[in-house]
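> Given next are the chains, with one letter for each unit.
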Amino acid sequence: MSGGKISFVIFLLILGLPIAGLNYLGADITKWTSAIAESGITGVSGSETETPAAEIPEDSLAWMDAVPGLRASFVTDEITPGRYVGVHEILTTEELLNAGEAQPDSALLELYAAARAPARLAPYCADILETVGLVCDVIRTETFQNRQGKWEIRGQLGYIPAAPLGDASVVENGQLLNARAVLPQTGDLLPPNDPATRTAMLTQAQDFCDQLRAQFGNCVLSRVNLEVHELWITDLEALPAGTNPQRLETTAYFTVFADQTVLDATGFAEIVATLVNPG
Amino acid sequence: MSDDRRQQDFASRLNRIAHERGEEPPMPTDPPRRETSDFNYNAAQERHPVRNTLIWMIVLAGLGTGGYFGWKALPPDFVALVSGSDAESDDLALGPENILETDTMSLEGPIVTSPLVAQADGAPLDLNLVVSNASLTNGETQITDLIPIVRNARCTLRAPSDAEKVMGVRIENGGMTAPIHALSNAQLAAQLLENVRAVTQDGEDYANDNRLGGSKSSVDVFLTDTSTPIYLVLQNMGPGVIWNLHAAPDVTVVHVALIGSDFSGVANKQTDTTIEAVLVGDFVPPHQYGADDALRDCMVRPWRNPQPDWIGARKATAGDLSYQNQMYSYTKGYEAYNRWYTGAFGVDAGLNTVSLRDAAHVLLGPVPANPFDYSEMAGQPLHMMPTDHMFTGSQASRETAVAQLQNSLLTAAIGGDVGALNPPAMERNSQ
Numbered sequence: 001m002s003g004g005k006i007s008f009v010i011f012l013l014i015l016g017l018p019i020a021g022l023n024y025l026g027a028d029i030t031k032w033t034s035a036i037a038e039s040g041i042t043g044v045s046g047s048e049t050e051t052p053a054a055e056i057p058e059d060s061l062a063w064m065d066a067v068p069g070l071r072a073s074f075v076t077d078e079i080t081p082g083r084y085v086g087v088h089e090i091l092t093t094e095e096l097l098n099a100g101e102a103q104p105d106s107a108l109l110e111l112y113a114a115a116r117a118p119a120r121l122a123p124y125c126a127d128i129l130e131t132v133g134l135v136c137d138v139i140r141t142e143t144f145q146n147r148q149g150k151w152e153i154r155g156q157l158g159y160i161p162a163a164p165l166g167d168a169s170v171v172e173n174g175q176l177l178n179a180r181a182v183l184p185q186t187g188d189l190l191p192p193n194d195p196a197t198r199t200a201m202l203t204q205a206q207d208f209c210d211q212l213r214a215q216f217g218n219c220v221l222s223r224v225n226l227e228v229h230e231l232w233i234t235d236l237e238a239l240p241a242g243t244n245p246q247r248l249e250t251t252a253y254f255t256v257f258a259d260q261t262v263l264d265a266t267g268f269a270e271i272v273a274t275l276v277n278p279g
Numbered sequence: 001m002s003d004d005r006r007q008q009d010f011a012s013r014l015n016r017i018a019h020e021r022g023e024e025p026p027m028p029t030d031p032p033r034r035e036t037s038d039f040n041y042n043a044a045q046e047r048h049p050v051r052n053t054l055i056w057m058i059v060l061a062g063l064g065t066g067g068y069f070g071w072k073a074l075p076p077d078f079v080a081l082v083s084g085s086d087a088e089s090d091d092l093a094l095g096p097e098n099i100l101e102t103d104t105m106s107l108e109g110p111i112v113t114s115p116l117v118a119q120a121d122g123a124p125l126d127l128n129l130v131v132s133n134a135s136l137t138n139g140e141t142q143i144t145d146l147i148p149i150v151r152n153a154r155c156t157l158r159a160p161s162d163a164e165k166v167m168g169v170r171i172e173n174g175g176m177t178a179p180i181h182a183l184s185n186a187q188l189a190a191q192l193l194e195n196v197r198a199v200t201q202d203g204e205d206y207a208n209d210n211r212l213g214g215s216k217s218s219v220d221v222f223l224t225d226t227s228t229p230i231y232l233v234l235q236n237m238g239p240g241v242i243w244n245l246h247a248a249p250d251v252t253v254v255h256v257a258l259i260g261s262d263f264s265g266v267a268n269k270q271t272d273t274t275i276e277a278v279l280v281g282d283f284v285p286p287h288q289y290g291a292d293d294a295l296r297d298c299m300v301r302p303w304r305n306p307q308p309d310w311i312g313a314r315k316a317t318a319g320d321l322s323y324q325n326q327m328y329s330y331t332k333g334y335e336a337y338n339r340w341y342t343g344a345f346g347v348d349a350g351l352n353t354v355s356l357r358d359a360a361h362v363l364l365g366p367v368p369a370n371p372f373d374y375s376e377m378a379g380q381p382l383h384m385m386p387t388d389h390m391f392t393g394s395q396a397s398r399e400t401a402v403a404q405l406q407n408s409l410l411t412a413a414i415g416g417d418v419g420a421l422n423p424p425a426m427e428r429n430s431q
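In order, the protein sequence lines correspond to chains U and B.
Per the numbering used here, the very first residue in the first sequence carries number 1; after that it's consecutive.
Per the numbering used here, the very first residue in the second sequence carries number 1; after that it's consecutive.
Because the hints were derived from the structure by calculation, they are not lab data.
Note that beta-carbon positions come from the ideal geometry of N, C-alpha and C, so glycine has one too.
Don't take each hint at face value.
Unchecked claim - Where chain U lies over chain B, by a calculated footprint (3+ residues, C-beta under 8 Å):
| no. | region |
| --- | --- |
| 1 | 200 to 207 |
| 2 | 325 to 332 |
| 3 | 373 to 385 |
| 4 | 405 to 415 |
As the list claims (entries may be wrong) - Covered by chain B, per the in silico footprint, the following chain U stretches (three or more residues, Cβ under 8 Å):
| no. | region |
| --- | --- |
| 5 | 109 to 122 |
| 6 | 166 to 175 |
Using the sequences provided together with the hints, build the complete structure.
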């Protein structure tokens, strides 16, 4: 090859390679150059100017951050929005006020309901601590007046689970799977909204979660909704005197971290449905 | 001509030989012109059309690519300057996310801060061109008295006569702090409900010192039109405004119509000036999107007509759907308001009106030949729309009074201490 042709080829390479590189490997080249720049910065500052950085405790659960929602479900040393018991109260205005307390101006009742909601719902933590939780806290409340003029208070009581959750770190190709099920009732009437029912329902929900953990290696009782339904007067007329008009419907939400090549959301939902309602 | 030195040497040798033989040396002739390669010595130059075309294509492609990305990297204002393109195409090129609010232009229109004076046409003026000896209103200004203005309960404002000129100001917020706090029981409850929800729903700590209701702003209105008596329409959408009137010599203000979403007032009115007040909430419900689109009687919510230079309007032009909806809603709201305004005052809502989002000082009328004396609010009574709780005095004393009012009601609403809004966590072993 003559000298002229060699020069021409070199010229083409010099001109063409960067253009080809930027078009086909642009992102990688950017990372490569950034890495070089960062290593240069670290080298300078680390060698002369910076004092040794304070030791940052290593986050042993950092691996959970790779999957959205995984930490909120499986972390065991804090209350998170990923695990709570939803509680519900339906009150008349008289029940909202303390005994003997004068009724305020009607324009203030919404404020009264909102301001009293946390203190009204905090005692439900006793049911949670008795059954599924080691620590319990009111994390959110909201109130509104329903069509019957009663005040409905809903709250989320976050908790740290008492039961072991299982080891999610051993799961390969893991994905979070969620499924819900209305817990079964006996008879035609929903159970009464009282502490005994609530603790029974929470215990039952935890039992199902324990069975799922035995099957999949982990399970989180991510949510239990204790929804209050009020019987109509016409319903009560057919029932024995003194029947509690407030009945409880409980829905449990289960979360597992499972191999996505083995189990998908539909399959998990079917397993939960069969487990809770085997008939 | 060749630069080959050996050829020249050979020719001179032939000449010397011919000279020694006594012959006539041959006349030097130029050798035939021949293109040679730049690379190979004395080799004939070859033509490379394909190679050269490729080279030029690569060079031009490189230049084009670099030029394109370089152009995109230039500051938008520089691009606009160089290209000379119009605002609309600029906004389209910028994209809505790059159209940002400035100190003087908000999403909902201009902001004119003290000491600049907003006027209907033209750029804001310096305060010194309009008034002299200005002693601006602030939170410490001491007023003498509160004189109630009766709220118009039937949406029947006095109609201007033919001899009166309707002039107006339409803003959202005043630019100075007014020396009064005023709030109704409903506003007090709404403020506390907001404070409570910040704790129970958003997880914030309860802090009653920065969530006080009832504060008002103030605006200076300079009136310089001496041609006819003025019927003044003062309108605002935000928290209440105390309008401080400054009439130049020979100006007569016969009537003031206050239209506002909150409790407002007037200071330094002329002795014979009459005042009426309309509270928006007495006639239209709290605003919801689209609610004001329909024309209706007594649609007194004072919408402002969106202008192309509003940042919100520019974002809409640039394709932002939410701002397109918002500007559409504003436009329809203004149409409905203008219909009521025209019926009530006999003129278009835009006539002789200064309209902007926020202002501290507004000029209605021509720029005075000489600045006239500023009418300070200190030592004057306030003509004020009355409400359940009104506090005057120093800024600190008013804030303390409002905080006490709020705390006492909140304590009653909770039925205990504020700490009950966020009960402590419970542990199993503490049972």
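> Would you mind marking each hint as holding or not holding in the structure?
A quick look at each hint next to the structure:
| no. | hint | verdict |
| --- | --- | --- |
| 1 | 200 to 207 | holds (count 3) |
| 2 | 325 to 332 | violated (count 0) |
| 3 | 373 to 385 | violated (count 0) |
| 4 | 405 to 415 | holds (count 6) |
| 5 | 109 to 122 | holds (count 10) |
| 6 | 166 to 175 | violated (count 0) |
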